[in-house]
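**Q** Just so you know, the sequences run in chain order Y and X. Take the first sequence: its letters are residues 1 to 296, numbered as in our numbering. Take the second sequence: its letters are residues 1 to 296, numbered as in our numbering.
Simulated from the structure, these hints should not be mistaken for laboratory data. Idealized CB from N, CA, C, for every residue including glycine. Hints are supplied without guarantee of correctness; some may be wrong.
Once the Cα atoms are required to be at most 30 Å apart in a straight line, the calculated DSSO-like pairs of lysine-lysine come out as [to be verified]: (1) Y/Lys105 - X/Lys47; (2) X/Lys105 - X/Lys262; (3) Y/Lys105 - X/Lys262; (4) X/Lys180 - X/Lys247; (5) Y/Lys105 - Y/Lys247; (6) Y/Lys252 - Y/Lys262; (7) X/Lys247 - Y/Lys247; (8) X/Lys247 - X/Lys47.
Across the chosen pairs, the derived CB separations fall in these ranges [claimed, not checked]: (9) Y/Gly258 - X/Asp135: 22 to 32 Å; (10) Y/Gly29 - X/Asp135: 50 to 60 Å; (11) X/Arg199 - Y/Glu293: 48 to 58 Å.
Number of protein chains: 2
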Amino acid sequence: MSDAIDNRMRRAGDEITATLDALLAPAPGARGRVIEAMRYSALSGGKRLRPYLTLASAALFDVERQGALRAGAAVEMIHCYSLIHDDLPAMDDSDMRRGRPSVHKAFDEATAILAGDGLLTQAFEVLAHPDTAEDPAIRLELIAGLSVASGTAGMVGGQMIDIAAENEVLDLAAITELQKLKTGALIEFSCRAGAILGRADETSRLALTNYAVNIGLAFQIADDLLDVEGTKEQLGKPVGQDTDMDKATFVKLLGLEGARNKAGSLIEEACDGLAPFGPKAGDLMDVARFIVERRS
Amino acid sequence: MSDAIDNRMRRAGDEITATLDALLAPAPGARGRVIEAMRYSALSGGKRLRPYLTLASAALFDVERQGALRAGAAVEMIHCYSLIHDDLPAMDDSDMRRGRPSVHKAFDEATAILAGDGLLTQAFEVLAHPDTAEDPAIRLELIAGLSVASGTAGMVGGQMIDIAAENEVLDLAAITELQKLKTGALIEFSCRAGAILGRADETSRLALTNYAVNIGLAFQIADDLLDVEGTKEQLGKPVGQDTDMDKATFVKLLGLEGARNKAGSLIEEACDGLAPFGPKAGDLMDVARFIVERRS
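Given the sequences, and given the hints that come with them, work out the whole structure.
**A** Below, the structure is given as structure tokens:
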């Protein structure tokens, strides 16, 4: 733990990339094109925050590395698929992602739709495999949890609300609910996956869920802050996109200072809740702080 | 079995629709819109061929009805998602499906993309639930099988090949391979799901796989024949679409008579392989014949 959190995240990110690289094996022929697009998205880096949360949560319960890496890779596949589909012209219409052309720009729209579908599908294949966990009950709990977090009660539902909200001004309760579904549900599952793999008791699961809900919201507030304060180079995409479009954001509703304070207190609450885990939870506390201090 | 196959299929189709209706419960608020679109697609009827194959295969092994209906509903969710995404402007750009506007026309493109994503995700949620099968190993085998059949080694891969082939002329081997992935893999899984639920032995599984491969190919040939011979009213979509676009079809490569003969001999082979199951397999034989005799 002597190492800085961003170094630890980079190293874990490399492990996740290697896991994804092995899972998304290139194929010859025309079929290979969709896998190429999936690899373009999934191997392009990013912070790997969600799989890091899975790895750090799993470490609390001494889960063996391979299972945690595979569960983290499945979560990252879902995250990448959501970015590919969100970037499509009919959705957010974003040409850039992580400093380079988004998938439908680098390939084409049809390939991007299929690449998203392929990643979404493969996430469940990865979780169903015995290499993720020997115990079938654990694998099923992971699959059930990931499907709920990603579906209409989670990410897909949140994205629908987000699109519907384009023509109305949301209040704080409404954008908090939106965030909970659109990004919160998957972040929460990322933490819960570690607890599932580690057969954690109910108390530990509740503590982790509480942590995840708080950092999930803080993450979104930090995103809104970066959208106002960040530079294009840091973000790898145009800044000010959300404020330009008159979209309700936490910064708009709380003010710059208010948003910073809210994010700070959420992180404090997240870390306080981890006390029962003792020094083992230091890594998760560091991620929480990283989330609000990051510059991209 | 005294009843005609189309009547039996209609009744089973109603059961599947009722199952999907219960699984896709409407929700209030903006989130409800994506569920509405999922219901628009999944409850709109269609032949329900794939779930019927699951029910008929499951009946060979006396599987209890609820599990077979849920597995069939999961397969149909995957089928419906694939139709929604295939109809999108960036893919086949089809405005009509089953005699009414396709999802992106009845709703909008963004909602259609999300509705497809939602159905794909929920299929795995349905299979992971204990109501599908008490035995965790059975549920995991269903999930693994469905994800492979739907992903880059199956449906998604086949769709990618299909798109890439728009500018080249495929030979018989190539369109057979394309069909195997694009439609064959899911039809094969539909039959295999019954065997998985029924803990069938290897011999029975092989017999069913052989049946499924043959009817899958026959189904595609019958589709190509309908595209040439059918009327718009029968199909619920414009006819002659494939031949207009200079696309390689089985009819083009084999001729009308050759295609009819090929479909007939595949069905014969499919039925012959079911002999070991005895009279119980009558239903599956009837479906096989229905596939080539249908007029829509």
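**Q** For each hint, tell me whether it holds in the structure or not.
**A** Hint-by-hint comparison with the structure:
no., hint, in the structure
1, Y/Lys105 - X/Lys47, "violated (37 Å)"
2, X/Lys105 - X/Lys262, "violated (37 Å)"
3, Y/Lys105 - X/Lys262, "violated (42 Å)"
4, X/Lys180 - X/Lys247, "holds (17 Å)"
5, Y/Lys105 - Y/Lys247, "holds (25 Å)"
6, Y/Lys252 - Y/Lys262, "holds (13 Å)"
7, X/Lys247 - Y/Lys247, "violated (45 Å)"
8, X/Lys247 - X/Lys47, "holds (25 Å)"
9, Y/Gly258 - X/Asp135: 22 to 32 Å, "violated (53 Å)"
10, Y/Gly29 - X/Asp135: 50 to 60 Å, "violated (37 Å)"
11, X/Arg199 - Y/Glu293: 48 to 58 Å, "holds (54 Å)"
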